[in-house]
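J.: Listed below are the residues making up each chain.
There are 2 protein chains.
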Amino acid sequence: MAEICLLGTGGMLPLKDRFLTSLYVEQNGKALLIDCGEGTQVAMGMHGLKMSRVEALLITHDHADHITGLPGLLLSIGNCSRTEPLDIYLPESCVNAVKSLMSVCGYLPYEVVLHTLSYSEGESFKIERIDPMLTISTLPLQHSTKCIGYSLEFYRKPVFDPQKAKALNIPVQLWKKLHAGESVTLEDGTVITQEQVTGEQRAPLKITYTTDTRPLDTIVGFAENADLFICEGMYGDKEKKQSMEEKGHMLMQDACELAKRANAKRLWLTHYSPAEKEPALFAEELKAIFPEVEVSVDGMKLTL
Amino acid sequence: MAEICLLGTGGMLPLKDRFLTSLYVEQNGKALLIDCGEGTQVAMGMHGLKMSRVEALLITHDHADHITGLPGLLLSIGNCSRTEPLDIYLPESCVNAVKSLMSVCGYLPYEVVLHTLSYSEGESFKIERIDPMLTISTLPLQHSTKCIGYSLEFYRKPVFDPQKAKALNIPVQLWKKLHAGESVTLEDGTVITQEQVTGEQRAPLKITYTTDTRPLDTIVGFAENADLFICEGMYGDKEKKQSMEEKGHMLMQDACELAKRANAKRLWLTHYSPAEKEPALFAEELKAIFPEVEVSVDGMKLTL
Chain Z
762 MAEICLLGTG
772 GMLPLKDRFL
782 TSLYVEQNGK
792 ALLIDCGEGT
802 QVAMGMHGLK
812 MSRVEALLIT
822 HDHADHITGL
832 PGLLLSIGNC
842 SRTEPLDIYL
852 PESCVNAVKS
862 LMSVCGYLPY
872 EVVLHTLSYS
882 EGESFKIERI
892 DPMLTISTLP
902 LQHSTKCIGY
912 SLEFYRKPVF
922 DPQKAKALNI
932 PVQLWKKLHA
942 GESVTLEDGT
952 VITQEQVTGE
962 QRAPLKITYT
972 TDTRPLDTIV
982 GFAENADLFI
992 CEGMYGDKEK
1002 KQSMEEKGHM
1012 LMQDACELAK
1022 RANAKRLWLT
1032 HYSPAEKEPA
1042 LFAEELKAIF
1052 PEVEVSVDGM
1062 KLTL
Chain P
762 MAEICLLGTG
772 GMLPLKDRFL
782 TSLYVEQNGK
792 ALLIDCGEGT
802 QVAMGMHGLK
812 MSRVEALLIT
822 HDHADHITGL
832 PGLLLSIGNC
842 SRTEPLDIYL
852 PESCVNAVKS
862 LMSVCGYLPY
872 EVVLHTLSYS
882 EGESFKIERI
892 DPMLTISTLP
902 LQHSTKCIGY
912 SLEFYRKPVF
922 DPQKAKALNI
932 PVQLWKKLHA
942 GESVTLEDGT
952 VITQEQVTGE
962 QRAPLKITYT
972 TDTRPLDTIV
982 GFAENADLFI
992 CEGMYGDKEK
1002 KQSMEEKGHM
1012 LMQDACELAK
1022 RANAKRLWLT
1032 HYSPAEKEPA
1042 LFAEELKAIF
1052 PEVEVSVDGM
1062 KLTL
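Heads up: the sequence lines are chains Z and P, in that order.
The first sequence begins at 762 in our numbering and counts up one residue at a time.
The second sequence begins at 762 in our numbering and counts up one residue at a time.
Derived by calculation from the structure, the hints in this document are not laboratory data.
Hints may contain errors.
[Claimed, not checked] Simulated crosslink set (DSBU-like; lysine-lysine; CA at most 30 Å straight-line): (1) Z:Lys811 - P:Lys938; (2) Z:Lys1001 - P:Lys811; (3) P:Lys777 - P:Lys1048; (4) P:Lys887 - P:Lys907; (5) Z:Lys860 - P:Lys907; (6) Z:Lys1026 - Z:Lys918; (7) P:Lys1008 - Z:Lys907; (8) P:Lys860 - Z:Lys791; (9) P:Lys811 - Z:Lys1008; (10) P:Lys1008 - P:Lys907; (11) P:Lys999 - Z:Lys1062; (12) P:Lys927 - P:Lys887; (13) P:Lys791 - P:Lys927; (14) Z:Lys777 - P:Lys777; (15) Z:Lys1008 - P:Lys860; (16) Z:Lys777 - Z:Lys937; (17) Z:Lys811 - P:Lys1038; (18) P:Lys1001 - Z:Lys777; (19) Z:Lys918 - Z:Lys999; (20) P:Lys937 - Z:Lys1038; (21) P:Lys1001 - P:Lys860; (22) P:Lys887 - Z:Lys811; (23) Z:Lys777 - P:Lys999; (24) P:Lys925 - P:Lys791; (25) Z:Lys860 - Z:Lys887; (26) Z:Lys999 - Z:Lys1048; (27) P:Lys1001 - P:Lys1021; (28) Z:Lys1001 - Z:Lys1048; (29) P:Lys887 - Z:Lys1062; (30) P:Lys811 - Z:Lys777; (31) P:Lys1021 - P:Lys999; (32) P:Lys777 - P:Lys887; (33) Z:Lys1008 - Z:Lys1021; (34) P:Lys811 - P:Lys927; (35) P:Lys811 - P:Lys777; (36) P:Lys1062 - Z:Lys777; (37) P:Lys1008 - Z:Lys860; (38) P:Lys1021 - Z:Lys777; (39) P:Lys777 - Z:Lys860; (40) P:Lys1002 - P:Lys937.
Produce the complete structure using the sequences and hints provided.
T.: Written out as C-alpha cells, the structure is:
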C-alpha cells in the first residue's frame, strides 16, 4: 500500500495557488519525494505531511523549478532531529547544481548520500531505507537538459487463500505470520511456507512519473500497466504542440495518448505552464482520449 | 512616497500561513526587496506585487531562510522580459552563497550586478536605478554569521508655500515644476528656484530593517526617528531571552525597547520562530512598552 500526494502541479514558476511539480510517496511511514522545487516544504505542510518521514529524494533534472526547494527541505528535515543518512538519487548531470544548493545549508545533523544515475535505459535500483522490496527503474527523457523518468514498483504479497490454510490444518493465529512471508512450524513438526497458503504472485504496484519531456515511444513501455501514471502536460491548446516539442515538453493530449497506449490504470497530469490558467477546461476532450485522466490540482491524494 | 509590503514574517522555515521574512519597498513604480527566502516570489504574487518592478535586492546575511528564494526570483524576473541590469547589495560574506544559488539559474536575459558591502559601521550607498535621492546606510549586526541591517532614506521635497509663490507673481501652472525642483523663468526674465517657494527642508522618509541580531545599543541610533522600524522578535516568552541572545536573536520585548529608545514612529515585528504559534497573544504587553508596535502578519502594507 502506498500513500501518494501530488504536492504541486506547476511548471517553471510557482503561482499563488499552484506550487511547483513534486510528488510525495509514502509506504509504512517512510516516504520519498520526486523533485523539490521552491516551496515544496510549504506544500508538505499544507497537506499535513511530515518532514520526518522523508527518507529519500529522486531528482529528474537540474532545472531550478525542480530543485531549488532542496536546501530548505534538507534544513527542515534536520530540524526534525534526523541523524540517519538521507539518500538523493539524481542524474550525474545534476550533481553540480545539487551540491551548489546544498552548500548554502551549512551544518546538517545527518549525512546526505548522493547516488548518481547514468542517462541510460534500463537502469534500476532499490531504496533499502524505505523498503528492500521497492524497485525503481529509470528512463532517459528528452528535454532541453538531461532528464530522467522514474517508475516505482512496490512488491505486493500474493493473496492469502484461507481454503489452502484450512486444508493444511493451520491454526488461524499463524495465518498473518505466514502471509507476511515467514515459515511456521505446526505442532506435529510440519514446516509450512507462504507459497503453500497463497494464490498466484501479483504484479507489483507501479507508479510512473515522467516530466519534463517531449512525448516518446519509450514512455509507453516504461509506463506499461502502471497503477498511476503521472505525466507532464504543459498546455491543452493543440496549436502549441510543435513549440512544446521543440522545448522538450508535451501537451495534455500527448500524455493521454501515452497513457492509453501504455494501458495505464489512471493518469494524473502535472507541470502545467503558468500561462495555462484553467487546465480543467480541457477535461472533456482529454477523457475522450483516455477516460481515466485527472486534470490534477495541487494536493491530490490517493491510496494505492 | 513609498509603498511597503512585509512579504513574510517567519524565521528559519516557512509555514503554510507564514512565509519567510522579506520586505518589499516601492517608489514611483520601482522596487527593492530586502532578503529573499524560499517562497518570496509566491508571496509577491499573493499580494499582487509585480516582479517586473524589482530593480534591486538587499541581502542581510547568508542563512538559507534569507536567500534560497533567489534563483526562482531571478528567473521569474527574467520571464518578465527584463534586459536592464539588476543590483544585488550584500555583505562580502554572502557572495559565495549567492553565487552558488545563482549558478542553478542558467541563462538570465539581464545582468546581475553584485555590490559587496563591508561589515563596518557607517557605510552608505545609493541605488541610482530606483532613485538617485534614495540613500541606504548599513549597520553591522550581531548574529551567528555576519549580518547587516539597512536604513533606507527617501528624500522628501520641502513643502510648497503658495503664499511665497503668489508674492512672487508666479503663474499657478508653473508651481508643480518649481516644486519638483526645476527653475522657471517668468515673462519678465526673472529666474525663480525651488528654494524661493518652499518651506524648510524635511527630514527624509526613513525605513529601518534589522534582522537577524541580538539587541544592540547601536540599533538605537541606526533606527532613530524612523518612520517605520522593522525588527525581529523571535519569541514573546521572556524566559527565552538568554537563549535567544546566545543564538544572535532577540525577543519581541527587546525590539519594543529599541523602538522606544530610537523614538521610532512605528514598529513592525517580524522573523517569528516557527515555534511561536500566536505572536499576537503578546500584543498588549508589547504595547505597554511601545504603543506603536504592530505584531505583524504576512502581507501587511503601508504607504508612507
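J.: Compare the structure with each hint and give your call.
T.: Comparing the hints with the structure gives:
1. Z:Lys811 - P:Lys938: Since the Cα atoms of Lys811 of chain Z and Lys938 of chain P sit roughly 61 Å apart, the hinted pair is violated (cutoff 30 Å).
2. Z:Lys1001 - P:Lys811: Holds, because 27 Å separates the two Cα atoms, which is no more than 30 Å.
3. P:Lys777 - P:Lys1048: Distance of about 28 Å is within 30 Å: holds.
4. P:Lys887 - P:Lys907: holds (22 Å)
5. Z:Lys860 - P:Lys907: holds (23 Å)
6. Z:Lys1026 - Z:Lys918: holds (20 Å)
7. P:Lys1008 - Z:Lys907: Answer violated: Lys1008 of chain P to Lys907 of chain Z is near 42 Å, above 30 Å.
8. P:Lys860 - Z:Lys791: Not satisfied, since the Cα-Cα distance of roughly 34 Å exceeds 30 Å.
9. P:Lys811 - Z:Lys1008: Given that 30 Å is the threshold and the Cα spacing comes to 26 Å, the pair holds.
10. P:Lys1008 - P:Lys907: Holds, at about 13 Å.
11. P:Lys999 - Z:Lys1062: Roughly 42 Å separates the two Cα atoms, so the pair is violated.
12. P:Lys927 - P:Lys887: violated (36 Å)
13. P:Lys791 - P:Lys927: Distance of about 35 Å is beyond 30 Å: violated.
14. Z:Lys777 - P:Lys777: Holds. Lys777 of chain Z to Lys777 of chain P sits at ~12 Å (cutoff 30 Å).
15. Z:Lys1008 - P:Lys860: holds (27 Å)
16. Z:Lys777 - Z:Lys937: Given that 30 Å is the threshold and the Cα spacing comes to 47 Å, the pair is violated.
17. Z:Lys811 - P:Lys1038: Answer holds: Lys811 of chain Z to Lys1038 of chain P is near 18 Å, not above 30 Å.
18. P:Lys1001 - Z:Lys777: Judged against 30 Å, a Cα distance of about 35 Å means the pair is violated.
19. Z:Lys918 - Z:Lys999: Violated, because 43 Å separates the two Cα atoms, which is more than 30 Å.
20. P:Lys937 - Z:Lys1038: violated (44 Å)
21. P:Lys1001 - P:Lys860: violated (35 Å)
22. P:Lys887 - Z:Lys811: violated (45 Å)
23. Z:Lys777 - P:Lys999: violated (36 Å)
24. P:Lys925 - P:Lys791: violated (33 Å)
25. Z:Lys860 - Z:Lys887: It holds: about 23 Å lies between the C-alpha atoms, which stays within 30 Å.
26. Z:Lys999 - Z:Lys1048: Holds: Lys999 of chain Z and Lys1048 of chain Z sit about 15 Å apart, inside 30 Å.
27. P:Lys1001 - P:Lys1021: Judged against 30 Å, a Cα distance of about 21 Å means the pair holds.
28. Z:Lys1001 - Z:Lys1048: Roughly 20 Å separates the two Cα atoms, so the pair holds.
29. P:Lys887 - Z:Lys1062: violated (50 Å)
30. P:Lys811 - Z:Lys777: holds (13 Å)
31. P:Lys1021 - P:Lys999: holds (18 Å)
32. P:Lys777 - P:Lys887: Violated. Lys777 of chain P to Lys887 of chain P sits at ~36 Å, over the 30 Å cutoff.
33. Z:Lys1008 - Z:Lys1021: holds (24 Å)
34. P:Lys811 - P:Lys927: Violated. Lys811 of chain P to Lys927 of chain P sits at ~42 Å, over the 30 Å cutoff.
35. P:Lys811 - P:Lys777: holds (22 Å)
36. P:Lys1062 - Z:Lys777: holds (18 Å)
37. P:Lys1008 - Z:Lys860: Roughly 27 Å between the alpha carbons, so the hint for Lys1008 of chain P and Lys860 of chain Z holds.
38. P:Lys1021 - Z:Lys777: violated (37 Å)
39. P:Lys777 - Z:Lys860: Distance of about 27 Å is within 30 Å: holds.
40. P:Lys1002 - P:Lys937: Roughly 53 Å separates the two Cα atoms, so the pair is violated.
In this structure, the earlier hints numbered 1, 7, 8, 11, 12, 13, 16, 18, 19, 20, 21, 22, 23, 24, 29, 32, 34, 38, 40 are contradicted, and the remaining ones agree with it.
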